[in-house]
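**Q** The hints should help you fit chain B onto chain A, whose structure is shown.
Number of protein chains: 2
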Amino acid sequence: MNSRRDFLQKLAASAIAFPSLSYLTTAAPLTGCNTLHDGPVLRVAIMGLGSYGTRVAEAMRSCTKAKLVGAISGHPDKLKSWQTRYNIPEKNCYNYENYDAIRNNPDIDAVYVITPNALHKEAVIRIAKAGKHAISEKPMSVNARDGQEMVDACKKAGVKLLVGYRMHFEPHTLQVVGMRKSGQFGTVRFFQGLSGFTIGDPTQWRLNKQLSGGGSLMDIGIYSINGARYMIGEDPIWVTAQEIKTDKVKFKEGVDETIQFQLGFPSGAVASCLSTYSMNNLDRFFLDGSQGWAEMWPSTGYGPIKGRTHLGEINQPIVTHQTVQMDEMSGIILQGQQPVVPVDGEEGVKDLKIIDGIYAAIALGKRVDLQL
Amino acid sequence: MNSRRDFLQKLAASAIAFPSLSYLTTAAPLTGCNTLHDGPVLRVAIMGLGSYGTRVAEAMRSCTKAKLVGAISGHPDKLKSWQTRYNIPEKNCYNYENYDAIRNNPDIDAVYVITPNALHKEAVIRIAKAGKHAISEKPMSVNARDGQEMVDACKKAGVKLLVGYRMHFEPHTLQVVGMRKSGQFGTVRFFQGLSGFTIGDPTQWRLNKQLSGGGSLMDIGIYSINGARYMIGEDPIWVTAQEIKTDKVKFKEGVDETIQFQLGFPSGAVASCLSTYSMNNLDRFFLDGSQGWAEMWPSTGYGPIKGRTHLGEINQPIVTHQTVQMDEMSGIILQGQQPVVPVDGEEGVKDLKIIDGIYAAIALGKRVDLQL
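First to last, the protein sequences are chains A and B.
Read in order, the letters of the first sequence are residues 1 to 372 in this note's numbering.
Read in order, the letters of the second sequence are residues 1001 to 1372 in this note's numbering.
Just chain A, with the same shape it has in the complex (with noise of 0.2 angstroms):
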């Protein structure tokens, strides 16, 4: 146990026995945390300290139930600064030559894998194989067999593999998941999905087959295929596909810049969705019932979610979604619990059997069968 760590939370959990001290909890979140709970915490490194890094680690400041203790990086200045930045000692530093060694390192439970798609699964067993839990940002990896993999690696090694799905802890998002489960929609017969923004800089992993997997799909319009199934409540069981390329400069052989893609559902619902690198304002749910419907937008992005139901307008908090992530995850890793909507290494190889499946359409033209 990091003794420090313990240290200031056996404080703030003392803090109104012991008020001349509660400077120290209070001073907590500018050493990277807040005030934890009196409860297990998960004590996570992050491998991969860039732009969605850096927004988890800056996230997880506020959690109560986990805390960043440990960076991987490939670059030795941004480990120095994370290092002053987020309060980590310099032993919980590690590169990616030398990070198995943190099976040796017993402040550290788990790793959230934040690097490119392509690299989520070596990175993935990697941990599992030094008896570390894993969270792999979404994509998990960059085709089904390779979830797969990472599943049976994590299993066979005993530890927890989950997927980085901030929002099946979004409260707006789960009233809805609530509203369809409780039959407030009715029978529900569609869902769309619109999942799209404008990319930039060309020069990018994302827009790098070898380091993305492919292109906007493996980005932003994996939220509408992990989307149709937590809204319909359902697995699909065909796909159809349709790709669009306006610019075959900056999405090269490989790398999808729009793609529309239908699933069919076993009770004869469908979903209809998008994903795009070329459009702006595309970040749209609708589900429709017979009783009902619900629209949310935004629907994924990382600011406030919007939505309303045929009842009127959703009223939930409005919530950092990395923060309520990390601190539910902890929950799920350390205590066993389970979340409303799975988040494990499962549920991740689902959606990239769609994806999969959605790129098979469009290479053969036609539908695609799917076995979830």
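In case anyone wonders, no lab produced these hints; they're calculated from the structure.
Treat the hints with care, since some could be wrong.
Subject to a maximum C-alpha distance of 25 angstroms in a straight line, what follows is the list of computed DMTMM-like cross-link-like pairs (lysine to aspartate or glutamate) [claimed, not checked]:
1) K1155/B with D1344/B
2) K366/A with E1253/B
3) K245/A with D1369/B
4) K181/A with D1247/B
Computed far set for chain A versus chain B, every beta-carbon distance over 10 angstroms [as the list claims (entries may be wrong)]:
5) R61
6) K78
7) A101
8) E149
9) K156
10) K252
11) E253
12) L370
Glycine is no exception: its CB is placed at the ideal position from the N, C-alpha and C atoms.
**A** Just chain B, lined up with the frame of chain A:
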């Protein structure tokens, strides 16, 4: 010329000069038409006195440039009732056997065909041969080949052929079309149209392939087809489509319950549409451009159209669509006016080519190229 109509029209125009006769102008709505304007008035016979025919007849009470003067029906009792209700003279009433004699009736300018879809073709061709202008309810026929024959017949006969595209005159719709034309949305990349409702009585002609030519696509899906074209401002070059049927008793062979279809446009814009007879609340358009967006919900229903754009709510007058349509069609037929969005036979054929393409794409299970 209808002398009674001329008399009333002149009275209306001179009402200010002869105030003692002004009761005649206020009485006019009761006799089937509002105060007529001081220009040419389109004298219309309606063929097919069902629910939509009645809706048009009621709407025409408020027309100022068009007037309901005749009726064609296979039901003598309906003709009788319409004579009374809309002040239609006996001599302007026909049945399906004798309506070619309309050729000899100088008091009728045009016939609005509001029969089941599959009957439009023969009716329009006979009307054209009788030397009268034809307005066909949409879809103008059940396939593009038939539609083209109708266009050719009207051209040969020297009469106009219009299709009942009421949305082409609807103010909220025209505002969005105008904003798109003036570039206020930037580059338009995406249109989404959801058109559907839960259809009732399973014995109605709309669920009889022989009369309807199809199912939801012919009836309600055509709004998304047509909307995709006027919203994006281009004609599609390819289509893909997927059919879903949950009730094979109600929706027999050849009668589509739910179809999703996607259209690709020359600019790279795409449309994603849904046509259904099994869902509620589905009357939504969404247009997305690089600089802004428009949303309409309801987008094509008979009631008030509501819409908003990135600039805010669309504030336009609430109109009775069929009233405006018939007044505008009067200007098109009698004065050669050009509508903002075409409503001629060629426009109707374009939609039918897309409908043919959608059914072909479903049958073939792959993308179908379009040449509109």
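**Q** None of the hints should be skipped; say for each whether it holds.
**A** Right, here's what the structure says about each hint:
1. K1155/B with D1344/B: 11 angstroms, holds
2. K366/A with E1253/B: With a Cα-Cα distance of about 22 angstroms, the restraint between K366/A and E1253/B holds, given a limit of 25 angstroms.
3. K245/A with D1369/B: With a Cα-Cα distance of about 17 angstroms, the restraint between K245/A and D1369/B holds, given a limit of 25 angstroms.
4. K181/A with D1247/B: 23 angstroms, holds
5. R61: 34 angstroms, holds
6. K78: Fine: 35 angstroms to the nearest Cβ keeps K78/A off the interface.
7. A101: 49 angstroms, holds
8. E149: Label holds. Min Cβ-Cβ 32 angstroms, cutoff 10 angstroms.
9. K156: 40 angstroms, holds
10. K252: 17 angstroms, holds
11. E253: Check passes; 17 angstroms lies beyond 10 angstroms.
12. L370: Holds: least Cβ distance 14 angstroms, greater than 10 angstroms.
Comparing the model with each numbered hint stated earlier shows that all of them hold.
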